[in-house]
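Q: Sequence:
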Amino acid sequence: MIATSAELAGDPAVIARAKAVQPLVAAAANEIEQTRRLPPALLDQLHDHRLFRLLLPRSSQGIETDPLTFFHVMETIAQVDASTAWCLSQAGGCAMAAAYLDLPVAHAVFGDPRAVLAWGPGPRVKAVECAGGYRVTGVWSFASGGRHATWLGAHCPVYAADGSPKCDANGAQIERTMLVRTEDVEWTDIWNTVGLRGTASDQFTLNDFFVRADHSITREFERERREAGPLYRMGSGTCYQVGFAGVACGIARGALDNFVDVARNKVPRGAKSPLRDNAVVQSGLALAEVHLRAARGFVLQSMADIWKDLVAGNDITVEQRITIRMAATHAIHKAREAVDFAYNAAGATAIFDGHPLERRFRDIHTVTQQLQGRLSHFETVGAWMMGADCDLTFV
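In case it helps, the working numbering puts the sequence shown at residues 1447 to 1841.
I should point out that these hints are in silico values taken from the structure, not numbers from a laboratory.
From a predicted model like this one, the values you see are computed outputs, not experimental measurements.
Think of the CB as a built atom: it goes at the ideal place given N, C-alpha and C, for glycine as much as any other residue.
Any given hint might turn out to be false.
Unchecked claim - Subject to a maximum C-alpha distance of 25 Å in a straight line, what follows is the list of computed SDA-like cross-link-like pairs (lysine to any residue):
| # | residue 1 | residue 2 |
| --- | --- | --- |
| 1 | K1754 | G1743 |
| 2 | K1754 | H1776 |
| 3 | K1612 | T1596 |
To be verified - Per label pair, the in silico range of CB-to-CB distance:
| # | residue 1 | residue 2 | range |
| --- | --- | --- | --- |
| 4 | A1674 | D1703 | 35 to 43 Å |
| 5 | A1674 | L1838 | 21 to 29 Å |
| 6 | D1548 | A1459 | 26 to 34 Å |
| 7 | R1671 | S1587 | 23 to 31 Å |
| 8 | A1674 | S1729 | 49 to 57 Å |
| 9 | N1760 | A1452 | 16 to 24 Å |
| 10 | V1764 | A1717 | 52 to 60 Å |
| 11 | A1758 | S1729 | 42 to 50 Å |
| 12 | L1821 | S1587 | 16 to 24 Å |
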């Protein structure tokens, strides 16, 4: 079924919030890059426009918008600064944790209108069962937005008090995410990266720290879901895919727009006319535009179809998750191709610090190195299509 243009467009009132802060984000872009942080004045505006609460349940004073709107918001912000959009996308998925917490705990975590939850993985971490909760030890990294977060999530395998792994009925070790206040962790600044510098995705540490049982969640959303809304019957994983595809498409949109400005005015060395008169450049721009729009449309059309099923009361299926996974990963890489075209065709103009194409080139290549951009996702999709064994962990 083909969705209407209105169904693909999202909620205009929510998207208007992103458009309202877009000039402010653009004005802060250089400071974000230099300080590797979202500046306090910009954070104030993002909070005032409630952009950290897009996927938070209404029962916790959130907007609880739909995933198509979420895509458009991320795309709008990423057109002017990728780090800001990345932080908002990450925070949106994390805020969905409120749907799986007891309501009083959700209110404790998200009751502050400036509340932000951030989290990241940790390879050498553990949560040991104890009276009333867990003793948590480890080091976690890639906590995007953690430096402006009020709470952090520490993903942990769970162990019994005697040190033995706690396993589910299928023999797999149980994992839970422990929620702790930001002031309870020790930070290490590790975020010196090629791109997405402003996300401040640093490393944090806990050492034998007590976490109450009701301040932990499973990321297998169907097990402890309290909210009945359609958003929470699809899980944060799918929303992350949609949101980060929006970030990538926004970076590419900004890059192609930047390139058009360059091409109209730049006369390459040794040439007699502007870059825009070059036939190869003309064809390359058209193809980049087509591929970006097609990939973007695949994400939006697929999500619109799935959203109708969710609104009708159904849970998301593995097939639908597979569709979003391949659409989102495809969009990320088509966005990269569009940015690569713009950067290469602009020539030496694009190589200088501070040029919009130079920054977007670095940002999109950092996006593709993250979990959401893994080319191995296509292997998973293809294996599932043919009925072969495959790991659906990141689908």
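Q: So the hint says 16 to 24 Å: do the beta-carbon atoms of L1821 and S1587 match that?
A: 22 Å, holds
Q: Is the hinted range of 35 to 43 Å satisfied by the C-beta distance from A1674 to D1703?
A: 41 Å, holds
Q: For the pair supplied as a hint, K1754 and G1743, confirm whether the alpha-carbon distance does not exceed 25 Å.
A: The given pair, whose Cα atoms are some 17 Å apart, holds under the 25 Å limit.
Q: Taking the beta carbons of A1674 and S1729, is their distance inside 49 to 57 Å?
A: Distance hint for A1674, S1729 holds at roughly 51 Å.
Q: May I ask you to test the hint 52 to 60 Å on the CB atoms belonging to V1764 and A1717?
A: Holds, at about 54 Å.
Q: Mind checking the hinted window 16 to 24 Å against the Cβ distance between N1760 and A1452?
A: 22 Å, holds
Q: For K1612 and T1596, compute the direct alpha-carbon distance and say whether it is at most 25 Å.
A: This hinted pair is violated, its Cα atoms lying about 29 Å apart.
Q: Okay, R1671 versus S1587 on CB: inside 23 to 31 Å?
A: 28 Å, holds
Q: Range first: 26 to 34 Å. Now tell me if the beta carbons of D1548 and A1459 are that far apart.
A: Check passed, 31 Å falls within 26 to 34 Å.
Q: Given the hint of 42 to 50 Å, check if A1758 and S1729 actually sit that far apart at their C-beta atoms.
A: 44 Å, holds
Q: Could one say that the CB atoms of A1674 and L1838 fall in the range 21 to 29 Å?
A: 24 Å, holds
Q: Would you check the hint for K1754 and H1776, treating anything up to 25 Å between C-alpha atoms as holding?
A: With Cα atoms ~22 Å apart, K1754 and H1776 stay inside 25 Å; holds.
Comparing the model with each earlier hint shows a violation of hint 3 alone; every other hint is respected.
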